[in-house]
Amino acid sequence: MIELYPAIDLRDGKVVRLLQGDYDAQTTYGDDPVAVARGFADAGATWIHVVDLDAARSGSPVNRPVVAAIAAAVAGRARVQTGGGVR
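Residue numbers in the sequence shown follow my numbering, run continuously in steps of one, and reach 1123 at the last position.
Check before you lean on any hint, since a few could be wrong.
As the list claims (entries may be wrong) - Listed next, with one range per pair, are the computed distances between beta-carbon atoms:
| no. | residue 1 | residue 2 | range |
| --- | --- | --- | --- |
| 1 | SER1094 | MET1037 | 32 to 40 Å |
| 2 | ASP1060 | GLY1112 | 36 to 44 Å |
| 3 | GLY1049 | TRP1083 | 27 to 35 Å |
| 4 | GLY1112 | GLU1039 | 15 to 23 Å |
| 5 | VAL1070 | GLY1119 | 27 to 35 Å |
Calculated directly from the structure, the hints in this document are not laboratory data.
Here the structure is a predicted model, which means the values were calculated and not measured.
Ideal Cβ placement from N, Cα and C applies to all residues, glycine included.
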């Protein structure tokens, strides 16, 4: 069985996607990452992958409160895998 992990990339507290990792080529998908995570959990996701792009770039966990809020919002329904800024 294949298990898919929907992903949320965070930048400045927003849900974004970078084009080929280019910070100057960003598409913003929303400003409420907690609602996006809830939507994934409501759709049946058992894991959600969250990346702090600000931390990946600077090394400082800028979006840590947002990541914590996502984890709290989906607790008991989905697990959260995080990345970005781990050194």
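Results for each hint:
no.	hint	verdict
1	SER1094 - MET1037: 32 to 40 Å	holds, 38 Å
2	ASP1060 - GLY1112: 36 to 44 Å	holds, 39 Å
3	GLY1049 - TRP1083: 27 to 35 Å	violated, 22 Å
4	GLY1112 - GLU1039: 15 to 23 Å	holds, 18 Å
5	VAL1070 - GLY1119: 27 to 35 Å	violated, 18 Å
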